[in-house]
Amino acid sequence: MLRIDGAHAFYGHIQALRGVSLDVQEGEIVTLIGANGAGKSTLLMTVCGNPRAAAGEILFRGEDITRWPTHRIARAGIAHAPEGRRIFPRMTVMENLQMGAVAAAEDDARRAARLEHVFGLFPRLAERRFQRGGTLSGGEQQMLAIGRALMSGPKLLLLDEPSLGLAPIMVRTIFDAIATLNREDGLTVFLVEQNAYMALRIAHRGYVMVNGAIAMSGDAAALLADEEVRAAYLDGGHGKIAAGEGGAP
Amino acid sequence: MEYFLQQLINGLTLGAIYGLIAIGYTMVYGIVGMINFAHGEIYMIGAFIAVIAFAILGPLGGGGVVVALLVVLLVSMLLTAVYGWTLERLAYRPLRGSPRLAALISAIGMSIFLQNYVQLAQGARTKAMQPVITGGIEVMKGETFTVTLSYVQIMIMVLTLALMAGFWTVIARTPLGRAQRACEQDRAMAALLGVDVDRTISLTFVIGAALAAVAGTMVVLYYGVIDFFIGFLAGIKAFTAAVLGGIGSIPGAMLGGLLIGLIEAFWSGYFSIEYKDVAAFSILVLVLIFRPSGLLGRPEVEKV
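So the sequence lines, in the order shown, correspond to chains A and B.
Under numbering that gives the first Met the number 0, think of the first position of the first sequence as 0, with each following residue one higher.
Under numbering that gives the first Met the number 0, think of the first position of the second sequence as 0, with each following residue one higher.
Heads up, a few of these hints could be off.
Stated by the list, open to error - Quick partial rundown of chain A residues pointing at chain B, CB under 8 Å, derived from the structure:
hint : residue
1    : 47
2    : 70
3    : 74
4    : 79
5    : 85
6    : 87
7    : 90
8    : 97
9    : 98
10   : 99
11   : 101
12   : 102
13   : 151
Stated by the list, open to error - Just the calculated beta-carbon pair ranges, DEER-fashion:
hint : chain 1 : residue 1 : chain 2 : residue 2 : range
14   : A       : 91        : B       : 164       : 15 to 23 Å
15   : B       : 137       : A       : 118       : 54 to 62 Å
16   : B       : 231       : A       : 53        : 41 to 49 Å
17   : A       : 116       : B       : 120       : 23 to 31 Å
18   : B       : 125       : A       : 62        : 41 to 49 Å
19   : B       : 235       : A       : 171       : 44 to 52 Å
20   : A       : 82        : B       : 168       : 30 to 38 Å
21   : B       : 164       : A       : 131       : 20 to 28 Å
22   : A       : 115       : B       : 223       : 56 to 64 Å
23   : A       : 118       : B       : 116       : 53 to 61 Å
24   : B       : 77        : A       : 183       : 46 to 54 Å
25   : B       : 103       : A       : 49        : 18 to 26 Å
To be verified - For the chain B half of the interface with chain A, some residues (derived, Cβ under 8 Å), not all of them:
hint : residue
26   : 175
27   : 176
28   : 177
29   : 180
30   : 181
31   : 184
32   : 185
33   : 187
34   : 188
35   : 190
36   : 191
37   : 192
38   : 193
39   : 195
40   : 196
These are computed hints drawn from the structure, not numbers from a lab.
By construction, the Cβ of each residue, glycine as well, lies at the ideal position given by its N, Cα and C atoms.
Start from the sequences and build out the full structure, keeping to the hints where you can.
Shown next, in the form of structure tokens:
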């Protein structure tokens, strides 16, 4: 579904990605874990064309989208619930969701069905539908960010740190929803997380990013059991994984 | 009392015109974060197009005043919108992503360029036009003073009210308005959701220019004289109105326009007509000192 081949990207003069290659197959949850500043969010944004990859290729369903403008990538079926959620603060929950449907050129009936689906997944959003986005709690904003991304009926969902800053019970709600979406709707998810334990538990496969490059990859269960990964990201996280091309554990 | 009422009518008329221009400033500021200092010139061009259209339509005759007015209004809105679109395309889009100062300088450059362009093409002398709509209603007859409300004034107020209501509906209810507000709040996120940001910005300029063209056409009908320099003062006044109401806020621009018009009318009516601009700009200074975000604006810092 998504294939990234040797992507390089810069933020200003800082090189954030140094030749990242990975792929996400249809129907999978693939997670990308790594420390703060490793380049995970940049990778997701690069898939969306902002910043554009300076070198390398990004293929989505066989098409080279590397040079497409951001809005065209969204309309092709990639939805992004980005870092910091980026809810429109002065729009209501309903309007935020309507904005999510921009990428899909659909009739009203399909749109209404999607809205019902999102409200079914997150009943809290239905209760708050006329409230402004900026007044929601962090957890509600995260639900809204995911709900908004779902409104376009995407083929691939990019999720950036959905657990950030949330209470444990809310993290569980969000991750349950992601797993449900994947299991019942067959939605393909590419999940970036610092909460490696939660992410690896729901994911099929995982990649570990260090310093703008993939250091390790493999089955989620294998990564979860791996000594190095445990030391670096799970058991207190004081270990280190060396940068560079790593093999499967 | 009669005198007061007359100033009120004059002020509201003037305020309606300022309000229509101010919307263009505030919308562009909201979406791209820059002051389009060439907007006053766009309004001036709208007025010129109206004069030319009247001149062409006049000899043709037929259809009566109402039809002629509608045609002129539409022609002016359409052609001025093309100017607005081109302005953004040539002078601002290439500079997107560069420091704000670059766009500001480009705007001032375009303002000077458009003034000179009209001066060269149309001549530096003022253009006068025969009144198209004459007459009015006597609202109140006092012993020494008669309050009149001219048909032009009625038309200006009714048209402005209708346009603002329509425009407000577009912004609040339609997908275009939603996209516009989304771009204003977070442009990068709007793009991630599939909004063509460049197109939305272009449309913002087009709408702003069309509203300014209406203001230009009405000024032609109201005063009957224009020249290539009218955009400067009207532009600055409308900008003042936008800041007074809270730059970025559309109701603010409408309110600010009305207030500036009223201040000007009452000041000229009761104190001195020479100092009416001083009065308007003094109010701006006071607002900036005591309420920097304007009457209906929100503070810059925002908790998200």
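Outcome of the hint check:
1. 47: It holds, given that the least Cβ distance between residue 47 (chain A) and chain B is near 6 Å, below 8 Å.
2. 70: 5 Å, holds
3. 74: With a closest approach of 5 Å, the residue 74 (chain A) hint holds.
4. 79: 5 Å, holds
5. 85: The hint holds - residue 85 (chain A) has a Cβ within 8 Å of chain B, the shortest such distance being about 4 Å.
6. 87: Interface hint status for residue 87 (chain A): holds (5 Å vs cutoff 8 Å).
7. 90: Cβ of residue 90 (chain A) sits 6 Å from chain B, so the hint holds.
8. 97: 6 Å, holds
9. 98: Given a least distance of 5 Å, the restraint on residue 98 (chain A) holds.
10. 99: Hint holds; residue 99 (chain A) Cβ to chain B Cβ min 6 Å, cut 8 Å.
11. 101: Hint holds; residue 101 (chain A) Cβ to chain B Cβ min 5 Å, cut 8 Å.
12. 102: Hint holds; residue 102 (chain A) Cβ to chain B Cβ min 3 Å, cut 8 Å.
13. 151: 7 Å, holds
14. A:91 x B:164: 15 to 23 Å: With Cβ atoms ~21 Å apart, the hint holds.
15. B:137 x A:118: 54 to 62 Å: 60 Å, holds
16. B:231 x A:53: 41 to 49 Å: 45 Å, holds
17. A:116 x B:120: 23 to 31 Å: 58 Å, violated
18. B:125 x A:62: 41 to 49 Å: Between residue 125 (chain B) and residue 62 (chain A), where Cβ atoms are some 60 Å apart, the hint is violated.
19. B:235 x A:171: 44 to 52 Å: 58 Å, violated
20. A:82 x B:168: 30 to 38 Å: At 35 Å between Cβs, range holds.
21. B:164 x A:131: 20 to 28 Å: Given range 20 to 28 Å: holds, Cβ gap about 23 Å.
22. A:115 x B:223: 56 to 64 Å: 59 Å, holds
23. A:118 x B:116: 53 to 61 Å: 55 Å, holds
24. B:77 x A:183: 46 to 54 Å: 52 Å, holds
25. B:103 x A:49: 18 to 26 Å: Given range 18 to 26 Å: holds, Cβ gap about 25 Å.
26. 175: 11 Å, violated
27. 176: 10 Å, violated
28. 177: Since chain A brings a Cβ to about 6 Å from residue 177 (chain B), closer than 8 Å, the hint holds.
29. 180: 6 Å, holds
30. 181: Cβ of residue 181 (chain B) sits 5 Å from chain A, so the hint holds.
31. 184: 5 Å, holds
32. 185: For residue 185 (chain B), the interface hint holds, since the closest Cβ of chain A sits about 6 Å away, which is under 8 Å.
33. 187: At 6 Å from the nearest chain A Cβ, residue 187 (chain B) passes the 8 Å test, so the hint holds.
34. 188: Hint on residue 188 (chain B): holds, closest Cβ of chain A at ~4 Å, below 8 Å.
35. 190: Status holds, d = 4 Å.
36. 191: 5 Å, holds
37. 192: Because about 5 Å separates residue 192 (chain B) from the closest Cβ in chain A, which is inside the 8 Å limit, the hint holds.
38. 193: 3 Å, holds
39. 195: 5 Å, holds
40. 196: Since the shortest Cβ distance to chain A is 7 Å, the answer is holds.
Violated hints, in rising order: 17, 18, 19, 26, 27; the structure is consistent with all others.
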